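Protein chains in written order, with numbering that gives the first Met the number 0: chain P, 0 to 123; chain H, 0 to 281; chain X, 0 to 133.
If you are wondering where the hints come from, they were derived from the structure by calculation, not from laboratory data.
Hints may be right or wrong, so weigh each one.
What the hints assert, rightly or not - Some residues of chain P that are not near chain X, with every Cβ distance over 12 Å (derived):
#1 Thr39
#2 Pro83
#3 Arg107
What the hints assert, rightly or not - No more than 25 Å apart at the CA atoms, straight line, and that leaves these computed lysine to aspartate or glutamate pairs for DMTMM-like:
#4 H:Lys258 <-> H:Asp211
#5 H:Lys99 <-> H:Glu151
#6 X:Lys133 <-> X:Asp116
#7 X:Lys109 <-> P:Asp19
#8 X:Lys109 <-> X:Glu78
#9 X:Lys31 <-> H:Glu151
#10 X:Lys109 <-> H:Asp177
#11 H:Lys191 <-> P:Glu106
#12 X:Lys133 <-> H:Glu74
#13 X:Lys31 <-> P:Asp19
#14 X:Lys133 <-> X:Asp86
#15 P:Lys100 <-> H:Glu74
#16 H:Lys129 <-> H:Asp54
#17 H:Lys129 <-> X:Asp116
#18 H:Lys162 <-> P:Asp19
To be verified - Under 10 Å between C-beta atoms, here's a sample of chain P residues computed to sit facing chain X:
#19 Leu13
#20 Gln17
#21 Asp19
#22 Gln21
#23 Ser49
#24 Glu52
#25 Asp55
#26 Ser56
#27 Phe57
#28 Val58
#29 Gln82
#30 Ala84
#31 Val85
Since this is a predicted model, take the numbers as computed values, not measurements.
Note that CB positions come from ideal geometry on N, CA and C, so glycine has one too.
Residue-level listing of the chains:
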Amino acid sequence: MDRIPILRMGETLLVTIQVDMQDQTALGLQDDLANKIAATGASGVMIDISALEIVDSFVGRMLTSISGIARILSATTVVVGMQPAVAITLVELGLSLEGVKTALNVERGMELLRRAREEQALGR
Amino acid sequence: MNSDNKAIQAVLADDEAAILDGWLTEAGAAEPGARRAVQTEAAELLRLLREALADGADTAGLASPAWAHVRQSLEAMSRSRAARGQSAGDTSVFVLALKKPLFPLLQARLGSDPAALSTTLWSVTALVDKLAQHTVTTFQQAREDIIRRQQEELIELSTPVIKLWDGVLAVPMIGILDSNRTQVVMETLLQKIVETESGLAIIDITGVPTVDTLVAQHLLKTVTAIRLMGADCIISGIRPQIAQTIVHLGIDLKDITTKATLADALALALTRTGWRITRGAA
Amino acid sequence: MAVEPAGTLPIASEQHIVLSRQMVRALCQDLKLSLVDQTKMITAASELSRNTLIHGGGGQMRWELVETNGRRGLRLHFEDQGPGIPDLKQAMTDGWTSGSGMGLGLPGSKRLVNDFDLHSVPGQGTRVSITKWK
Chain P
0 MDRIPILRMG ETLLVTIQVD MQDQTALGLQ DDLANKIAAT GASGVMIDIS
50 ALEIVDSFVG RMLTSISGIA RILSATTVVV GMQPAVAITL VELGLSLEGV
100 KTALNVERGM ELLRRAREEQ ALGR
Chain H
0 MNSDNKAIQA VLADDEAAIL DGWLTEAGAA EPGARRAVQT EAAELLRLLR
50 EALADGADTA GLASPAWAHV RQSLEAMSRS RAARGQSAGD TSVFVLALKK
100 PLFPLLQARL GSDPAALSTT LWSVTALVDK LAQHTVTTFQ QAREDIIRRQ
150 QEELIELSTP VIKLWDGVLA VPMIGILDSN RTQVVMETLL QKIVETESGL
200 AIIDITGVPT VDTLVAQHLL KTVTAIRLMG ADCIISGIRP QIAQTIVHLG
250 IDLKDITTKA TLADALALAL TRTGWRITRG AA
Chain X
0 MAVEPAGTLP IASEQHIVLS RQMVRALCQD LKLSLVDQTK MITAASELSR
50 NTLIHGGGGQ MRWELVETNG RRGLRLHFED QGPGIPDLKQ AMTDGWTSGS
100 GMGLGLPGSK RLVNDFDLHS VPGQGTRVSI TKWK
């Protein structure tokens, strides 16, 4: 089974999904991220899906789960780079990915994570 | 039915040249120039007809796979005539002219058996009628395709996406907002958001005549898609009557920001994106 | 990937769900569908083949390039001999905005395609057929 690599950049964990994932691989990523957040005390998770041409309900649920798990572990998750066709399809499918923060690109995503870190530091 | 096919097949095989000649003459292609233009098409159709019948195609209908090549040939014929500006009737008349040469040839072959001749003539008439009918249907489909494409272009033209400011896009919607238009707006707007890296899109509905539950759903879909990509949306141009309708119908716009005018929306967009405007002496 | 006008793909493992997406992508590209239409069709196929695997106990995806009145399209059939769907009406209802605990996700898939046909007999199996026209 393929494992999606997780990179660490300071307080942020960075994941770039570039392959058409098997369901198992997605679950594996969820697992690995939970463990790594806990192990590193990371405050932010960025998932780059700019290369994903298909996001179905399984991947959608995975993103929602990761977001929820990270939140419990005091980390903010941001999904970046969603392709327009993917957004249109998700909406039609009825998936709004409640609770998942999104940003247009990596730069905006890092900005979002930085602000979230600041707010958390201020105890908000 | 199949014995009729044999006679038709035989005639198509043995008398092809005569049929082609008679057909083209009947179709009004007397001069060599006009004849050459349609000769290839016609010869091709005859060949495919013969092959289809040889393959055991049933003359009762053209839907089966055995008729696939014949159908494609008829469709090509129809499309090329549509492109040349001819009418559906022209193509149909052209195909129907095929009956003229076939009748006497069949008569010559089956003259001694009136019953067989009768049913064969009926089969061939029915078959050629169906061929003609197919060209008409295809013609209409081709026309509908053109109209659909033109409608899409019209929708695109009437929903331009404008860059109002750095990071702020605006889409003035004009006309009825149906699912077709929503699709086009979503595609164009989302693409522009990516291209310009804009964080905010203002959808102005001043030009949308009515907002009912369905229209509201379309708007909500568009906003959800924009947010999924990481941008946000303001809906402006909400006339007082529309506001009343929305409340009256119990439509929940959730947490979408709404503004009465595009100007208000722009002011808000600028504030949200960190711009401050000061005014000095003019 | 070379494209046949009709064929079958078994759905018996997770890997097959990935393969079905790839196959459908190749078919959509052959048909020259727009990017959005391709994305919708491949996503619908992913949803339905997963259903076939998980709820149907495995089955197959059958595809055919179709044509009506000069209009070309892609038709996919997801077939299994599983337990079937006891309440079809229930299975085809969901509010548009709900997205959690998806059940079979059938209404969502239906919105992604042009034609949607559901045939299921409890105890015998299920067939979902979807078509996308060019």
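Are any of the numbered hints broken by this structure? If so, which, sorted upward?
Hints 2, 5, 14, 15, 17, 18, 19, 20 and 23 contradicted; others consistent.
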